[in-house]
Amino acid sequence: MPKLIIDNREVVVSPGTKIIEAAAQLDIMIPRFCYHPALGAVGACRVCAVKVLEGPARTTGIQMSCMLDAQDGMVVSTTDAEAADFRRHIIEFLMLHHPHDCPVCDEGGHCLLQDMTISGGHGIRRYKGKKRTHRDQDLGPLLQHEMNRCIQCYRCVRFYREYAGYDDLGVMGIGSRVYYGRFEAGTLQSPFSGNLADICPTGVFTDKPSRYRGRRWDFERTPSVCIHCSLGCHTVVCSRYREVIRQEARFSPTVNGYFICDRGRQGFAYASSKDRPRSAMVGGRPSSVADAASEARSRIARLQQAHGPGSIACVGSLRSSLETQGAWKSACKARGWQGPAFFQDDREGAAVLGAAAGLDRSYAVSMVEMEQADLIILLGADPVNEAPMTALALRQAARAGAPIVALDPRPIALPMPFSHIPIPASEIGTVFEAALGTSENAPADIADDIDQLRQAMDNSRRPVIVCGTDVVPASLPAAAVAGAARLEASGKSPGLFYLLPGPNAMGAALFADKAPTIAQVVADIESGSVRGLVLVENRLFHRYPDRQRLEKALAMLELLVVVDCLKPEGDRRPDIFLPAATVFESGGIFINQEGRAQEIAPSFKGGTPLSQITGGDHPPREFTPGTPGAGPEPAWSLAALLTGDADEMPAALSERCPALSTLSISHLT
Amino acid sequence: MQTESQTESLEKEIQAAEHPRELAVDVMAAIQARDGYLSDAGVAEAAGLLGMSPVEIEELATFYTFIYREPVGRYVIHICDSVVCWMEGAETIGEHLMKALGIRMGETTPDGLFTLLPVCCIGYCDRVPAILINKKAYGPLTIGELDRIIDGLRNSDDANEAAAEAANPKKQVLKR
Amino acid sequence: MYPQVLLQNRKPDRIATLAEYQRSGGYEGLSRVLEAQAPTEVRQVLLDAILLGRGGAAFPAGVKMMTVAEDAPFPRYLVCNADEMEPGTFKDRVLIHADPHQLIEGMALAAYAVSAEHGIIFIRPEYEGAARILEREIGIAREAGFLGKNILGSGFSFELVVHRSGGRYICGEVTAQLNALEGRRPNPKQPPPYPTEKGLWQKPTVLQNVETLCCIPHILKNGAQWFKDLALTESGAGTKVFGISGKVNRPGCYELPMGVRLSEIIEEYAGGMKNGAAFKACLPGGASTSYLTQEHYHIEMDFEALKKVGNRLGTGAIMVFDQHTCMVAATLNLIEFFARESCGWCTPCREGIPYIRDILWRIETGEGEASDIPALRKICKYLWHAYCAFAPGAVAPVEGLLTYFEDEMTAHINQKKCPFKGS
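Chains as they are written, first to last, in our numbering: chain L, 10 to 678; chain P, 144 to 319; chain D, 80 to 502.
Bear in mind the hints are in silico, worked out from the structure with no lab data behind them. We put the beta carbon where it would ideally sit given N, CA and C, even for glycine. Mixed in with the good hints, there may be bad ones.
What follows is a list of derived Cβ distance ranges for each label pair [said to hold, decoys possible]:
#1 Ala454/D x Trp226/L: 52 to 62 Å
#2 Ser148/P x Ser342/D: 50 to 60 Å
#3 Glu156/P x Gln557/L: 42 to 52 Å
Chain D residues, not near chain L, derived (Cβ > 10 Å throughout) [stated by the list, open to error]:
#4 Arg89
#5 Gly234
#6 Asn390
#7 Glu420
#8 Thr426
#9 Asp437
#10 Ala468
Where chain D lies over chain P, by a calculated footprint (3+ residues, C-beta under 8 Å) [to be verified]:
#11 174–184
#12 256–269
#13 274–286
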């Protein structure tokens with residue numbers, strides 16, 4: 010373990026650590042542009058220069074701290090006068106052509122070039138030549154292109170092509186005229202393009218939808234978690250005047266590393282949609298939440314009296330927080346209602362339950378750990394569509410040489426070469442077991458593929474199984490666990506990674522005992538045994554396979570209560586509508602596909618965004634007792650209102666739901 | 144001019160290559176020789192032949208001096224402007240050509256015959272001042288010799304063909 | 080007359096044919112080596128001969144080949160660097176047009192030394208004539224049995240192809256050239272790993288200059304000591320093909336012993352200064368070397384002697400300036416070359432060289448200021464910390480200007496014009 014001295018302070022590092030990383034361990038941030046922990050060091054910008062005062066032959070003098078290994082006995086100075094002067098010159102070089110854009114540039118306030126220029130000590134411009142300029146490209150609706158600001162750190166193409174594996178962004182030209190762009194203008198193809206805005210150290214790539222809507226220091230920036238898939242990637246919500254303006258990736262050393270996908274990054278517009286319902290509705294007419302809840306209570310009571318508590322069904326959601334799922338589960342249990350039904354059908358329910366049952370600390374791998382795998386086996390998993398960031402993690406494993414094998418009926422695509430064994434979903438388990446050697450039944454026509462998979466498994470030491478739950482038979486997650494056990498028995502360190510159908514599918518699994526499925530509820534409605542439906546945060550039409558049948562069933566209901574943040578859909582108008590708060594307003598605990606419970610803090614208090622009230626003008630001078638449009642409430646508190654039971658609050662949940670008793674909210678990350 | 148069979152043999156070469164992309168410069172040069180320059184369509188064609196994306200080809204095409212991404216004349220005149228040619232009259236050669244052809248550096252004559260470009264040391268420092276015309280070296284040059292060479296090219300069969308093509312509307316236009 | 084080795088078969092208007100090459104002893108070295116010497120022995124001979132690279136970097140060829148491990152993987156590659164874009168340099172062009180088979184035999188021997196079966200000649204696009212000559216003569220050599228499978232029944236196979244570059248100076252840098260060969264943008268790539276360990280397609284690759292490879296058949300035929308004895312200096316070895324141009328009466332290539340004096344090259348071989356002018360300065364080895372001035376007029380031209388005066392022999396391409404040459408303007412021309420050819424990878428080269436160019440241009444056009452001189456010194460010093468050897472090479476003549484011709488710079492600044500204009 011090399012021990013070295015940086016700026017008169019000692020630090021011990023693991024072999025292979027670069028000086029720039031060793032310095033970071035001492036909280037010394039050496040200036041850098043092209044170096045990025047995820048993208049590695051390439052030595053292009055030359056700004057991370059330090060003076061190595063003592064070290065092995067040919068490592069002394071001015072050195073690039075990102076390229077040089079920290080070695081035992083080295084003495085390094087980051088503050089050495091020559092090194093500092095060198096860095097100042099490099100920054101001066103980078104600023105030769107930089108446009109005087111700060112006053113109008115969105116990057117201002119979180120611009121690495123601004124930071125390095127000030128801290129590097131470069132000030133007065135003495136270069137008298139002309140600045141080179143470029144024409145920008147329209148790269149689509151999500152990213153703005155401003156090439157004049159470029160300092161040629163190459164981060165964008167390194168991320169886009171090497172890290173993420175998409176090939177429509179490149180570096181063209183030569184010398185000081187190099188240009189980063191597409192072959193021709195057009196939308197960037199990579200579903201991870203938004204990360205360019207995060208990693209670009211200047212304002213070349215900035216977020217387009219939020220352009221000119223606020224400067225960095227205008228925003229309230231809060232840590233949050235994305236709820237668009239089961240991964241639970243960490244985000245930063247930048248909000249202003251009661252709306253989310255943009256989101257950035259938030260570093261997580263375990264879940265998502267440095268990046269997020271575009272779906273998660275841009276998927277917030279719903280929260281400030283102009284037609285987002287902010288008041289409760291009774292029979293289609295606005296009402297106060299209290300009145301609507303009271304009306305709902307009495308109508309539910311009438312139905313219960315006439316037909317029994319089982320005539321009321323509750324459908325919950327895989328995107329509801331644990332508090333919400335728990336509150337409604339509790340309410341259903343206490344009142345004898347059916348549900349909450351969280352899963353589409355028996356297959357989905359059993360598959361997710363199988364995944365939850367299969368959670369095992371010794372096999373569970375995080376996405377960051379998955380990058381170290383030396384073999385990836387995808388069982389009915391389609392990362393790019395189901396959990397995009399998984400595809401990025403798999404690509405890093407592939408770049409390090411891990412073969413990728415996918416057993417899937419669908420023509421899935423991945424941003425790296427992989428072997429695809431196309432088989433019906435029903436056969437995935439059999440084929441997997443045949444390759445493992447735990448089964449003899451396998452279709453003869455793919456004997457070669459199975460052989461190759463077996464070979465690959467034999468040769469591996471850290472195989473990871475990625476098991477989907479979207480199209481696979483219910484038994485597959487358990488087969489995946491058995492596979493991991495088998496691999497472990499043959500001396501390997503296997504990993505297991507599930508893709509689940511929602512951000513809190515794991516939570517739903519915890520509450521799914523004895524609950525019906527959505528398919529069952531629809532059948533019950535059709536048979537007449539269910540006459541009243543409480544639909545909580547679930548867009549049924551999104552996933553139910555037969556729209557007409559669903560419309561018919563909803564039309565049959567005597568009572569439809571909808572709780573959601575979005576406008577209800579379908580022909581059947583809900584009798585009662587209760588507006589729910591979004592995750593930005595209420596926060597909540599979500600358990601991701603790894604079984605990692607993450608608490609999301611609210612980002613701002615709810616209410617109509619100011620931009621929709623003032624039309625861009627100065628905030629109004631009316632003084633009202635409450636925030637306009639602040640009707641929506643967290644869905645779990647609406648459960649309390651609906652049942653009339655003030656005890657339906659999260660704190661009391663652990664008594665009602667033993668599954669939660671081991672969770673201590675304050676200790677969750 | 145590149146014939147179709149030469150392009151076919153290029154395809155065979157690509158198929159036979161263990162790493163097709165090692166032929167990238169050859170493919171671009173072949174398409175350029177056939178079309179006169181490497182157009183946007185040419186880039187896409189090269190990408191298809193090599194199994195690379197268009198921007199990957201563009202990255203190479205825009206790096207190299209002898210891949211032309213804009214239409215050039217039938218005769219591309221490269222005037223060496225490195226230090227020895229510079230000492231021995233390259234500027235005079237350059238100015239004379241610009242006047243004689245009526246174009247500036249980087250431009251092509253309206254009849255599509257001549258393009259003037261600067262080039263760095265072509266390795267004919269013992270025969271300065273030297274120029275290349277379609278990669279053929281001429282030097283040491285006097286103004287008189289230069290005029291004779293240009294006139295000779297102007298009146299050659301090749302030139303008449305080029306003039307006809309310049310009037311032909313099928314000539315591809317670069318679009319950005 | 081000094082012994083002619085590399086240029087012994089040179090003719091005014093055509094190449095030496097295979098037959099002519101053989102008559103002068105060509106391919107004898109290859110036959111003998113394939114018959115009786117193991118690759119390790121060949122490497123040792125080249126090491127003993129102190130064959131320094133003649134492409135500019137002067138790295139010992141024997142040492143380079145020794146770094147290919149015995150158990151290194153296959154296939155292995157031998158690349159001939161015929162990119163020759165260093166301004167002032169034309170010796171490789173002359174060598175190929177004089178005696179192409181000398182290069183082919185040299186490559187076969189070098190390949191044998193490292194058990195490489197694939198040879199590539201990476202040639203600049205401006206040398207289309209030379210490329211065609213090589214392709215033709217390679218075919219002739221193959222028919223004669225000196226290339227291909229199982230050469231001369233030895234079990235050693237060697238295939239040789241010509242690869243035309245798209246044209247950029249940076250392609251002459253070894254790791255950039257390998258990137259170019261792989262169809263990538265030819266940015267350099269700092270080792271580790273070194274190309275002899277992981278080069279072309281991640282396999283062991285040895286890259287040598289044309290002239291270096293041309294020495295090899297003669298060394299193997301006549302021995303390491305013979306090669307060393309050709310030089311006039313203790314530390315030198317072999318001959319050097321000096322290419323001299325500029326203000327001399329007979330510019331051209333002259334093969335002379337290592338260590339021959341600069342004054343002798345100019346006066347005895349290049350016909351003396353043109354128009355009776357006085358020698359003012361020269362670049363000894365291409366544009367990326369510093370200036371030799373009147374005080375160095377009699378310097379022995381070998382690698383050691385030039386290092387001692389803070390310069391480099393480089394490619395041995397001598398560009399001679401006389402008393403009428405404005406050194407500021409000459410240096411400006413050189414730096415404009417480098418500014419145009421910078422690949423754009425690292426900041427100091429990409430931005431620093433155009434910055435130097437702008438300052439020199441202002442000085443040359445009479446807009447310079449006294450503060451420009453210390454500013455230039457500092458920028459030049461810092462460009463030594465760029466990513467590859469391009470930037471340090473680019474500032475060599477600028478540092479030469481600052482060292483030896485600061486008075487000319489000051490004159491420009493004080494007079495607010497170029498004192499040489501109109502002379």
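Against the structure, the hints come out as follows:
Range check, Ala454/D to Trp226/L: Cβ separation about 36 Å, and the 52 to 62 Å hint is violated. For Ser148/P and Ser342/D, the hinted distance range of 50 to 60 Å is satisfied, since their beta carbons lie about 57 Å from each other. Checked against the hint of 42 to 52 Å, the C-beta distance between Glu156/P and Gln557/L comes to roughly 59 Å, which is inconsistent with it. With a least CB separation of 36 Å from chain L, Arg89/D remains clear of the 10 Å interface cut-off, as annotated.
Chain L leaves Gly234/D outside its interface by the beta-carbon criterion, the shortest separation being 34 Å against a cut-off of 10 Å. Chain L leaves Asn390/D outside its interface by the beta-carbon criterion, the shortest separation being 22 Å against a cut-off of 10 Å. Not every CB of chain L lies more than 10 Å from the CB of Glu420/D, the least distance being 7 Å, so the non-interface label is violated. Chain L draws Thr426/D into its interface by the beta-carbon criterion, the shortest separation being 5 Å against a cut-off of 10 Å.
Taking the minimum C-beta to C-beta distance to chain L, about 4 Å, the non-interface status of Asp437/D is violated against the 10 Å cut. Against chain L, the non-interface label of Ala468/D holds: every CB pair exceeds 10 Å, the least being about 14 Å. Counting residues of the stretch 174–184 of chain P whose beta carbon lies closer than 8 Å to any beta carbon of chain D gives 0, which falls short of the minimum of three for the stated coverage. Counting residues of the stretch 256–269 of chain P whose C-beta lies closer than 8 Å to any C-beta of chain D gives 8; at least three are required, and the coverage claim holds.
Only residues whose C-beta sits within less than 8 Å of a C-beta in chain D count toward coverage, and the stretch 274–286 of chain P has 4 of them, enough to reach three; the restraint holds.
Of the numbered hints given earlier, the model fails hints 1, 3, 7, 8, 9 and 11; all others are met.
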